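*Asks:* If you want the building blocks of each chain, they are given just below.
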Amino acid sequence: MNFLGQLFVMAVSAIFIQNFVLSRFLGLCPYLGVSKKMDSAFGMGMAVIFVMTMASAICYLIYQYLLVPYDLTYLSTLAFILTIAALVQFVEMVIQKNAPALYKSLGVYLPLITTNCAVLGVAILNITPQADGSTHNFLMATLNGLLSGVGFTFVLLAMAGIRQRLALVDLPKSMEGFASGMILAGTMALAFYGFMGLKI
Amino acid sequence: MHNLAFTVILAAGLSEILTPVIILGAMGLIFGLILAFASKVFEVKIDPRVEQILELLPGANCGACGGAGCSGYADSIVNGGAACNLCAPGGAAIAEAIARIMGAEAGALEKRIAVYHCTSGGHENTKWKYAYEGIESCLSAVNIAGGPSMCSYGCLGYNDCFRVCKFDAISINDCGMRVIDPEKCTACGACVKACPRQLIELVPVSKNVYIRCSSKDKGPLAKQVCGSGLPCIGCGICAKKCPVEAITIENNLARIDYEKCINCGICATVCPTKSIQDLLAGLRKKALIEEDLCIGCTICAKVCPVQAISGELKQVHKVDPEKCVGCEICVAKCPKKAIKMV
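Read top to bottom, the protein sequences are chains D and R. Here this note's numbering is used: the first residue of the first sequence is 1, the next is one more, and so on. Here this note's numbering is used: the first residue of the second sequence is 1001, the next is one more, and so on.
Hints in this document: simulated from the structure, not taken from any laboratory. Don't take every hint at face value.
[To be verified] With beta-carbon atoms standing in for the labels, derived distance ranges: (1) D:Gly194 with R:Ala1131: 42 to 50 Å; (2) D:Thr114 with R:Asp1047: 24 to 32 Å; (3) R:Gln1052 with D:Met46: 29 to 37 Å; (4) D:Tyr74 with R:Val1164: 53 to 61 Å; (5) D:Lys173 with R:Tyr1130: 21 to 29 Å.
Only a predicted model underlies this, so the values are computations on that prediction, with no experimental measurement involved. C-beta atoms are modelled at their ideal positions from N, C-alpha and C, and glycine is treated no differently.
Given only the sequences and the hints, what does the whole structure look like? Please build it.
*Replies:* Below, the structure written as structure tokens:
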């Protein structure tokens, strides 16, 4: 398979078939928490894409060149959490200094992502062998992070769009707010379950 | 022999433990150093007043100020020139403390309260066009054929303002009318935004004369549809009689400019439909100049909005009680404190 073909398969897989939120059930906290308004969902989504891509790249390097040579792969979770936390902190400082406008729109969400399981999840999945036994290389791992972030943002925006419209509907009192959010999440997960049948 | 084997196992075990400890420890150390270094290199200078104001604010992140949480508001006070008194939960005390940090702006602070510009909306004093049986909300009711009340500018009485008030400042009396408690009102403006007919205005607490109508209908129609019988018919008598020209008539409706209003209440006495309410009616006093204290500086005569004070320079001045409206402006301006209200 050529590179573009591989990329396409990875994109469809990361965004639809193996969506982080609706198939792997990672990152549910922002999915339910930051999906009330379209603009905040968009800010969160952009921040997640950014952090996931960075975390995928750095964690892959840490794993390949630090943990594997010393036979410490069993410590990957610990090492990744440490790396991601430090990375997000560092990125936050750099953005605040060099791009105040970007910091204004992403700044609130960056600390929220530090401990997000979706970010740790993508780092760990990148080093886990695939179904056919192969593992990602550096480029593929980074792209996987990026595309998984896109998948996350896509679902988050879809959720926010539905909830914004739902806010205008006259729901029964007991169904308002979180209750309807849970049902929505379940329905969306069921819908995404349909993508499992895709053969690529 | 036994000892040797034990040592070998111990050494092997030790390296097994030591390697990860050293590697992870080193990672932590390096990341820590990078972050410490970065915090110096990428340090952003923040105005210390932002921190000070943030400490004063309640930290509820309620959004009543219109900012993105308390930190957003603190930032917009210092950098965006936002007003000091927008924090509704903090109230006057915090507004004053913030004003003190910000310096000069302190003078501009006066507590405001919400005032209804309508006397309808209760069970008895509203004329209905049709029976509305939808969602119990003003916002929803106004969308159906211009609202269920005959007056298309008046209060509907579905209590949107009551529901949004976070401070229990709005209560509903026996007649189904909404009453604002001036003590509890923090002028957060939530009710002003909630009212689909814009009947509520924030008025400085020292001003006690209100126009209790928002109808832009022509006089005869306004009289016909008003449930409480106190409509503004836009006759303009109040505007003519106002000594300081604080009242303007626009679209058949009188409006008081509270920047100019001196609280004299003349408009309320001349209003033919009694749609102007004067909280001080009958409570006003007349100014009296104490002759032995007056030095004839003429300041009082100059500031009097109704020319009720007369007198030559260096002569004792006199107040004409017929003309005096009891606004107390001269009392505040007299350098010798020679004027009393009796």
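*Asks:* Confirm or reject each hint.
*Replies:* Hints, one by one, checked against the model:
Between glycine 194 of chain D and alanine 1131 of chain R the C-beta distance comes to about 48 Å, which sits within the given range of 42 to 50 Å. At roughly 27 Å, the beta carbons of threonine 114 of chain D and aspartate 1047 of chain R sit within the given window of 24 to 32 Å. At roughly 32 Å, the beta-carbon separation of glutamine 1052 of chain R and methionine 46 of chain D lies within the given 29 to 37 Å, and the hint holds. Evaluation of the 53 to 61 Å hint for tyrosine 74 of chain D and valine 1164 of chain R yields a pass: the beta carbon distance comes to about 56 Å.
In this structure the supplied range 21 to 29 Å holds for lysine 173 of chain D paired with tyrosine 1130 of chain R, their Cβ-Cβ distance being about 27 Å.
Of the numbered hints listed earlier, not one is contradicted by the structure.
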